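> Here are the chains, one letter per residue:
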Amino acid sequence: EPEVTQTPSHQVTQMGQEVILRCVPISNHLYFYWYRQILGQKVEFLVSFYNNEISEKSEIFDDQFSVERPDGSNFTLKIRSTKLEDSAMYFCASAKAGALREKLFFGSGTQLSVL
Amino acid sequence: ELKVEQNPLFLSMQEGKNYTIYCNYSTTSDRLYWYRQDPGKSLESLFVLLSNGAVKQEGRLMASLDTKARLSTLHITAAVHDLSATYFCAVQGGSEKLVFGKGTKLTVNP
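Residue numbers (my numbering), protein chains in the order written: chain A, 1 to 115; chain B, 1001 to 1110.
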């Protein structure tokens, strides 16, 4: 079965450094999402992306965050200057149609640790 | 603003017993999802509930939706150890994002 793949599985960085989290969505999917989960807490929406632009973002997704689909297969989340509170598990998800019509498929996540 | 509440947050049960997890949400929803998460793993989709009265079953799990009460339940029948995981409900309220509950950590003891 097709799956969403994320790399790396773990990322350790120093506060203030830039990180890029990578995702390869399922190949025929058109809608892409990032969610995050701080340890022991609930999963939170960050951003949705369709047709090469952000369609919705949360208040967490401030100017330090950006997303890009640099080619036909990758979908990246960049955090420009990491903070301690950015430490979390980041999940990429994709859907064939928008989330309103199709279920989301989640990747296995990238555990980001900011020291 | 859409809010989603699950209870209980922690559930310890004996194998063979039945129990129900509840998910309440605050505003009209387009659809409701149940996900399972094993420790350190991703979210596995269990059920998608689209309409009032919807009921779906898979193995020992059964999910239902009452849109008038804004309530979904996940019923566990004759629990087994393999069902130990954290279960999340997530609600969609007319936008692209899912709003998740805090999750119910289920432990099934032999």
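The hints are simulated quantities; they were obtained by calculation from the structure and are not laboratory data.
For clarity, every value in this text was computed on a predicted model and none was experimentally measured.
Ideal placement from N, C-alpha and C gives every residue a C-beta, glycine not left out.
The reader is advised that the hints may include incorrect statements.
Unchecked claim - Cut-off 30 Å, straight-line C-alpha distance, at most; resulting in silico cross-link-like pairs (DSSO-like, lysine-lysine):
id	chain 1	residue 1	chain 2	residue 2
1	B	Lys1105	A	Lys42
2	A	Lys42	B	Lys1017
3	A	Lys42	A	Lys103
4	B	Lys1003	A	Lys96
Stated by the list, open to error - A few chain A positions that, by computed beta-carbon distances, are all more than 10 Å from chain B:
id	residue
5	Arg22
6	Asn28
7	Val43
8	Glu53
9	Ser55
10	Glu56
11	Thr76
12	Leu104
13	Gln111
Unchecked claim - Here are some chain A residues pointing at chain B (derived, C-beta under 10 Å):
id	residue
14	Pro2
15	Gln37
16	Ser48
17	Asn51
18	Leu115
> So, for every hint listed, does it hold in this structure?
Now for the hints, and whether the structure bears them out:
1. B:Lys1105 with A:Lys42: The given pair, whose Cα atoms are some 12 Å apart, holds under the 30 Å limit.
2. A:Lys42 with B:Lys1017: Between A:Lys42 and B:Lys1017 the Cα gap is close to 27 Å, so the pair holds against 30 Å.
3. A:Lys42 with A:Lys103: Holds, at about 19 Å.
4. B:Lys1003 with A:Lys96: holds (26 Å)
5. Arg22: holds (15 Å)
6. Asn28: Given that every Cβ of chain B is farther than 10 Å from that of A:Asn28, nearest at about 18 Å, it holds.
7. Val43: A:Val43 is in fact no farther than 10 Å from some Cβ atom of chain B, at 4 Å.
8. Glu53: holds (12 Å)
9. Ser55: violated (6 Å)
10. Glu56: violated (5 Å)
11. Thr76: Given that every Cβ of chain B is farther than 10 Å from that of A:Thr76, nearest at about 18 Å, it holds.
12. Leu104: Label violated. Min Cβ-Cβ 7 Å, cutoff 10 Å.
13. Gln111: It is violated; A:Gln111 is separated from chain B by about 8 Å at its closest Cβ, not greater than 10 Å.
14. Pro2: This interface hint is violated because 14 Å lies over the 10 Å limit.
15. Gln37: OK, holds: A:Gln37 within 10 Å of chain B, min 9 Å.
16. Ser48: holds (4 Å)
17. Asn51: violated (13 Å)
18. Leu115: For A:Leu115, the interface hint is violated, since the closest Cβ of chain B sits about 20 Å away, which is over 10 Å.
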